[in-house]
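J.: As a plain string of letters, each chain reads:
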Amino acid sequence: MAPFHLLLTLCVLTITGFFIGRSKSFAVCSAQGGPRALHSRPIYYGTLTAIWCAVPALIVFSFWHFFQSTIIMDLVIADLPDQIRFLPEDRLNLVVNDIKNVVAGNIVAGNISPAIQAAADHYKNFEKTAQVALSVIITAMAIIAIAGVYLKITPTLRARNYVEKVIEGLLIACASLAVFTTIGIVASVFYEAIRFFKIVPVYKFLFGLQWSPQMAIHAEQIGSSGAFGAIPVILGTMLIAGIAMCVAVPVGLMAAIYLAEYANKTFRNIAKPLLEILAGIPTVVYGFFAALVVAPAIRDAGDILGFSVSSESALAAGVVMGIMIIPFVSSLSDDVINAVPQSLRDGALSLGSTRSETIINVVLPAALPGIVGGVLLAVSRAIGETMIVVMAAGLSANLTANPFQAVTTVTVQIVTLLVGDQEFDSAKTLAAFALGLLLFVITLALNVVALIVVRKYREHYE
Amino acid sequence: MNNLNEASVPGRDKTKDIVKKGLNKRYRKERRFRVFGCAAVIISLGFLFVLFISIISNGYTAFQQTMVRLDVYLDTDVIDKDDLAGTNYAKLIHDALLSVYPDVINYNDKRSLYELVSTSAAYRLRDFVAKNRHEIGTTIQMWVPADDDVDMLIKGHIDRDTPQSQRRINDRQLAWVDHLVSQGQIKKVFNMTFFTAGDSREPELAGIWGAVCGSFYTLIVTLVLSFPIGGAAAVYLEEFAPKNRWTDIIEVNINNLAAVPSIVYGLLGLAVFLNFFGLPRSVPLVGGLVLTLMTLPTIIIAGRSALKAVSPSIREAGLSIGASKVQLVVHHVLPQALPGMLTGTIIGMAQALGETAPLLMIGMVAFIVDIPAGFTDPSTVLPVQIYLWADSPERAFLEKTSAAIMVLLVFLMIMNAAAVFLRKFFEKRQ
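Residue numbers (the working numbering), protein chains in the order written: chain S, -10 to 451; chain R, 15 to 444.
If you're looking for bench data, these hints aren't it; they were derived computationally from the structure. Note that this is a predicted model, so its numbers are computed, not measured. Don't take every hint at face value.
[Stated by the list, open to error] Output of the computed footprint for chain S on chain R, the stretches with three or more beta carbons under 8 angstroms from beta carbons of chain S:
| # | region |
| --- | --- |
| 1 | 155 to 167 |
| 2 | 321 to 331 |
[Unchecked claim] Subject to a maximum C-alpha distance of 27 angstroms in a straight line, what follows is the list of computed DSS-like cross-link-like pairs (lysine-lysine):
| # | chain 1 | residue 1 | chain 2 | residue 2 |
| --- | --- | --- | --- | --- |
| 3 | S | K445 | R | K201 |
| 4 | S | K141 | R | K169 |
| 5 | R | K145 | R | K169 |
| 6 | R | K322 | S | K154 |
| 7 | S | K445 | R | K257 |
| 8 | S | K187 | S | K445 |
| 9 | R | K105 | R | K202 |
| 10 | R | K124 | S | K261 |
Yeah, the Cβ is synthetic: ideal placement off N, Cα and C, and Gly gets one too.
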């Protein structure tokens, strides 16, 4: 049976199991006055049967499929002629690939040697046997499970409790996925980063002043070493994020203050959703906007004023990134400003201060921790932002603080290193993971600090 | 009383004077502050306005395509009735062009003449002939797509005053196009190709349908996984979770994951799904998995706030009549919280639809012409298509990019409007 048919059979068996369990529960209670005598409602007996039928079978099914090809391949290799079996590792891998291709019916380069053809037939035989075995095992398991539960069903069986236990377990598994995602991120990025640090020492990566990840194919080529000093890349990221903050923080904060303290209801009802639109626009659109409109405009302005501006200037990417972050800053600031108790405002106003004095001297200091937290979150966003800088910032890592020159960022480097074909043993590809680790650590630190600051502040007034 | 007041007048007057002196300055400051605030709002909205205007003004022309009318003689010498697929249809198109301008003789001029119409003209002719075999041997009138450079010229994106060497269309071609226009042999029609074709190197043949299908499959995978898992996680954390260390860890994790840069999810997908599990590159299945992990925190957080909003009296009532916790949640709490959870899911989906960076990492940037037909077909998605076109040097791709952005924004607006509508609708009902 093919896997699909097997699953279909299992499905049918599960549904049958459900009805068998349910009708059995009706049967066992008929003598004692109907379903009222049961511990749980009949549907739970049916569900319990179905769960016992499906879950163990599915677990076996997935494990089997996960390991099947490796185990069969090992068996096939063990049966290969000796001169192939004792080939070096990489040659053997080629042979294995050939066998797999023959099995899949793909076109194989060159002639198929009889040994490989035999191995492929062998593989197919094993596969067929495995299929049959799996089908038999799974069908048997399902039927035995149904029979077992069927025999166990009595009016006192606490079917509902068992079913609810399973449901709760499922819920826990779903909730734990978040933890596994984090572990997955840390493990995968860490693993590759450590492989990178075996090639390039950590201190050279963290404190090196030169970044040019080109590795030559031949050792004797000029510039074949490649330089992996992350300082220019980090500084470029900081420069662009800094420009973005210079745009986003004043504008976002002032907009939030105006909307919270001055604007009338109609204006607020119109302006707020419009600002939200700014937040919902995909970053690739901002990137296009930066490359198409803002960068040429800044370059032309520079030409008129008489100094040369790179067409991939940090300024263009930074300004557009700032625009993207404005709604983020303004909505977070809006929340904290609104959370400042009205009594503080009333007190300041009653002492004769103007509205702006109230805001500057009373509301903002009270809201400051929340605003700082919001800005930190915004900074972490700016550092991790990818598409705007990929489309509008440069590729070459210049060590400069001049916003009119092209700089590169961590995310740009990750994308350029990883898009296209990769080989996972070159420092060039692994460098992307080291940068990813750096990015993850920086943003995580910023987030943790920001969340702590915000939480402290909230507790203060609520 | 009066006397007492009189007595303190000198000192009070002094204070009043000081206050009054500074008052104008303070009022000015107040006005300035207010203007700053207003300016900040207007600047942000101005950015939004400029963004939309620049994209629409660049992109609206892409919805039209310039067509050229040709009188094609279906020459029996060229068409082999028994082998229609093997016929050289390009020659028929070229002959038709030459019949309009018989004076073109030398090779280079011929080539520039042929470049006026798209290479797809031959395919259109092939399809026409296959359907209308009886027309073979006659002369038919046919509208074929113009080349992208001609298209740009007709739409006014090529400046005629620039020197010939700097434009993509030479002086002779310019004269031919003007002649064709005066003969009424050029018209603009609605660009169906843009909505029905996959990607192409030729701008006049490129369309977004392939990317739309890719986005669709990717989002289906994301939805099917993230809604149940996110909902279940929210239910567990809000309704079942005991206050212990594991729950705390989960909560902190979810909050942090919500702020992890999306590209890191791409790295995760590359290392785990592609390298470790050996799933194929560039397929919607893997894209959907990565986007699921990315949108889960959003959906969980939205789901929890929806569950929090369900009034505790319902829970108490349910428990008091003997419902178990699971029964209470399934029968009473979930139906009330579902609209809120759905709203959160739609917003998460909108986020996933606009996401580009993690998909670059798992190889969804390949140049793919075919329309994907399933979850494991190589494909690209709408934002990545925009990124790819934005990198193309041809002027014609600029308007395609803007038009694709318009389509993407329309999808996003529909999704967000659906979320708002859902929220309003259920708020009213309750």
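J.: If a hint holds in the structure, say so; if it does not, say that too.
T.: Do the hints match the structure? See the list:
Look at the region 155 to 167 of chain R against chain S: 0 of its residues bring a Cβ nearer than 8 angstroms to a Cβ of that chain, fewer than three, so the hint is violated. Coverage of a stretch by a chain is defined here by at least three residues with a beta carbon nearer than 8 angstroms to that chain's beta carbons; for the region 321 to 331 of chain R and chain S the count is 0, and the condition is violated. As the CA atoms of S/K445 and R/K201 are separated by approximately 66 angstroms, the hinted pair breaks the 27 angstroms bound. Distance restraint check for S/K141 and R/K169: the Cα-Cα separation of roughly 79 angstroms exceeds the 27 angstroms cut-off, and the hinted pair is therefore not satisfied.
A distance of roughly 32 angstroms separates the Cα atoms of R/K145 and R/K169; the hinted pair therefore is violated under the 27 angstroms criterion. About 23 angstroms separates the Cα atoms of R/K322 and S/K154, which keeps this hinted pair within 27 angstroms; it holds. Between S/K445 and R/K257 the alpha-carbon distance is near 20 angstroms, which keeps this suggested pair within the 27 angstroms criterion. Distance check on the hinted pair: S/K187 and S/K445 sit about 41 angstroms apart at the alpha-carbon level, beyond 27 angstroms; violated.
Distance hint between R/K105 and R/K202 is fulfilled; the C-alpha atoms sit about 25 angstroms from each other, no more than 27 angstroms. Straight-line distance between C-alpha atoms of R/K124 and S/K261 comes to about 59 angstroms, which puts the hinted pair past the 27 angstroms bound.
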